[in-house]
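Peer 1: Chains as they are written, first to last, in our numbering: chain A, 1 to 347; chain B, 1 to 345; chain C, 1 to 317.
A hint or two may mislead.
Between beta-carbon pairs, the in silico distance windows are [as the list claims (entries may be wrong)]:
| # | chain 1 | residue 1 | chain 2 | residue 2 | range |
| --- | --- | --- | --- | --- | --- |
| 1 | A | Leu235 | C | Leu302 | 34 to 42 Å |
| 2 | A | Val187 | C | Val91 | 49 to 57 Å |
| 3 | A | Gly233 | B | Lys128 | 54 to 62 Å |
| 4 | B | Glu175 | A | Gly15 | 48 to 56 Å |
Hints are computed from structural coordinates only; laboratory data are not their basis. Note that the Cβ used here is the ideal one computed from N, Cα and C, for glycine as well.
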Amino acid sequence: MATEPIAASRPAPSGPWRIALRRLRRNRVALAFFGLFVLIVAFCLAAPLWADNVAHTGPNDTHTLGKVSVDGEKREVVSIEGKPIGPLWLGAGGRFFLGADGRLGRDEMVRLMYGGRTSLLIAFAAGLITTVLATLLGLLSGYYRNWIDPVISRSMDVLWAFPVLLLAISLGLVLAVGGLHIFGLYVPSGSIWIPILIIGVVMVPYMARPIRGEVLSLREKEFVEASVAQGAGSLRIMFGQLLPNLASTIIVFFALNIANSMLLESALSFLNVGVQPPNSSWGTMIATGNDLITSAPLLTIIPGTMILLTVLSLNVFGDGIRDALDPRSKVRLEAHAGMAEPVGTAV
Amino acid sequence: MSAQPLLSVSDLRVGFVTEGGRVQAVDGVSFSLAAGEVLAIVGESGSGKSVTAQTILGLTRGPNARIEGAARFRDTELLAAGDAELRRIRGNEIAMVFQDPMTSFNPVYRIGWQIAEAIRAHRPETGKQDAHGRAVELLEAVGIPNAAQRVDAYPHEFSGGMRQRAMIAMALALEPEVLIADEPTTALDVTVQAQILRLLEQLNRERGLATILITHDLGVVAEVADRVLVMYAGRVVEQGTLDEIFYDPQHPYTWGLLGSLARLDLPRPHRLPQIGGAPPSLLDLPQGCSFRPRCPHAFGRCAELPGLDARLPDAPEHRDRCWLDPESKQQRRVVEGEIGLEAPK
Amino acid sequence: MARFVARRLVGMVAVLFAVSVMVFVIFNVVPSNPAERMAGKNAEPRLVAGITEEWGFDKSWPEQYVTMMKKVFSGDLISYEGREDVDERIVEGIPATFSLCIGAAAIWMFFGILFGYLSAVKAGGWMDTWLTVLAVAGISMPVFWLAAIFLNYLTYKTSIFPSGEYVEFTTDPFEWASHLILPWVTLAILYAGFYSRVLRSSMLDVMNEDYVRTARVKGLSERRVMSRHVMRNSLIPIVTLFGLDFGALLGGAILIEKIFSLEGVGQYGFEALEHTDLPPIMAITLFGAFFIVFFNAVVDILYAYLDPRVRLGTEAR
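One chain only, chain A, in its complex shape:
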């Protein structure tokens, strides 16, 4: 007669995602920075509200000869010498909150919000493209050891060998002039899709290589063998078994990649090969501000600070996610070499 198994004295264990969520919730610092990120996004999304109701001007509206009344006194937006008005804060009811952005007399605050939307959009979209492509390529080349792996790996090697900034600038210059004609699609030269595609593609090798590395080690594990023994086909193994196990790595990489993409976009825009007028981004704002840096340093400092805060939040939060998903994770150094990592950064 068998002994009846005694019911376990503790509640059923939670799945790994729930445990991770709990750990993440306990990480005050990471949550705080996520909050900061959300705040920044909300700030930028509020651009039209601010522009219409407070500043009463658009991001590209110039006020070179305009005047604004501050505490009853009328002041020139741009002085005769060409010096733009400094931050008025609430002195004019919110107009020119951060001052004017130079000779053109545009509202810096409005531009900051609209520029932020561009920067965030590009970083996020590029990050998405990079992540999807890198995951696919990493999976394929890590799983299939036949001809697929060498082809993909060599291609990644070639991209990797091309100095990142040179490549991005080259593509930026070329595509900014003529736009992009590919597979019957036409992307006009001023579109923000150009920088999105450039950054998205250029960053792929830095993520694909570490993902491939992880796939290589995952595929040796027993659960893959078990799957094969059950007759699972390659696609099912790749997407049903390997991908879920990669999920935590991919999530962390994605967050860090958005951060790096934002930095690369700002560098390209600073060099005038990224976002093109009439669009603007924090990077282009730094470029225009740089011309006036001695007389109006805030015009440079402020957009750069926004980039710093956004990237910082993403980095800290990305780290928080990594810690939550596996607090004792052996740092996979090839993994580390891919992301949050100056090789993919613009210097």
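Chain A is already provided as a structure; the job is to place chains B and C on it using the hints.
Peer 2: Then chains B and C, alone, in the frame of chain A:
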């Protein structure tokens, strides 16, 4: 025993502060080790056996650890010993080998170099040549063939069994009095396990090396041990000589361990016997006897924690933590003619 | 070993070849006519035709490619814009680029390792928290922005530091250094932050390894445990990452060189890009790619040396 024991542990308690709460890994463990004796500590994972051993050598000290009690080695109180004192004793007088020899050696240095390092740390006057030569001798002593070539190999170039032998060789380098072996065979193949056990038994016999052998496998114990300590959820639940534990076990958990041993000399059972339930979470221990949820013989009194007492008049050193009277124990532990753990019919 | 090196060399050449083809293709997609631009505005068609023939712009692309590559390696490469000798100009730019990279590397490795070590050893404490904050901030800021701010406050407003421009070491070592301090610090802030975090997490992993426990249980002094066992293993990833970063930096420090007017190879590269001047672009890209690929190979070899497990590809038995 008239001679003073080499190592004497009294009421050792080790708690850890973790993110889930406070965990009492070791809760009042006492034992002694005489010179030349082999003591086996048996238990499942989480029973506290490894933590006990590591605490003796001060490896568990840290900001999250709460250590109480005493562990006396010769004239030194180990739990209170300073760093310099501990360093002198580690490797030199008390040596330890761990479960996984692959990760226990530094992968970037040669085996011989790592052994020599141990030697020269305690005997700095030893020259490099001498230390190297000594390393070769040690490898030979533990039965590694071709020691003179092997000594310059890297850990990953050894097989699992040889790596463990090399670990033992390194532990013996300074001729310690006590060897603590923490699950030395768990990571090895069964045939290799037997070899390592035989080596330990040989070292004990030939050098009088007192040994604490920590394992979850009672079968391993039968080969080598003089005395046995059975641990469960941080406490000792039974202790006695090898014969006492194997032929006259008093605690239901011990019955379960014995009953679940695979035996070649008996007809095959219908089902491999097992102890029902699961080891308790140390964060959530039951009141009273911690084995109670899994014990088919539990009754009212078990809500009160039994003391570790000698309950047999002829065996004053045979202690256990079970309220059942000795006659009941004799009856209940027999299942289908052999010792086992099942509910009475 | 020799076979390994030989295979890597072949791989390197193949990759460089592919890069050069990529550059050529990218810039020939642009519907620009270099002959027209060289001839200047409103030039006579005859002049344009003459230039076209002289420079071989009328030949097929593969032919143009081959001609250009021959020129790259023979040192005869002349730029379309300015008609100057590309190779000469690159060589002129090398001291500035190398001074920038090597100096910055020395600074960032020193601070990165120091801060990483402190963070790891005092993990969880206030020093660790603050150093981590600094480190993460360092890798989160746009490098060119930091450079612009430094220039503004430390050069333009206060003249503490000279404004860019490279001074030869042989001319005046002190000036050489003082002109490079700002660029060095700007670069170092980014990389030091990164390396301190890598070392911190590498050390924390290693300190939890079984062999560190073994080292302690052998009775080794804490100092020896840290230096011979912890650091020796923790520094392996640092060394390999450094190889990759340094290699990439040599060809790619465009922004810093430009902002500080260092007239190095990177700045030349950017100017060439602005003018869509293919010869220097090709040469400089290959210059950068060469170092990336070279250091990649060095790192692989070094890694095998540092970690015996990797050496012969033998699995642990």
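Peer 1: Could you run down the list of hints and mark each one as holding or not?
Peer 2: Results for each hint:
One distance hint, 34 to 42 Å for the beta-carbon pair Leu235(A) and Leu302(C), holds here, with the actual separation near 39 Å. Checked against the hint of 49 to 57 Å, the C-beta distance between Val187(A) and Val91(C) comes to roughly 39 Å, which is inconsistent with it. Taking 54 to 62 Å as the suggested C-beta distance range, the pair Gly233(A) and Lys128(B) conforms, at roughly 59 Å. Distance hint check for Glu175(B) and Gly15(A): the Cβ-Cβ separation is about 52 Å, which falls inside the suggested range of 48 to 56 Å.
Checked against the numbered hints above, the structure breaks only hint 2 and satisfies the rest.
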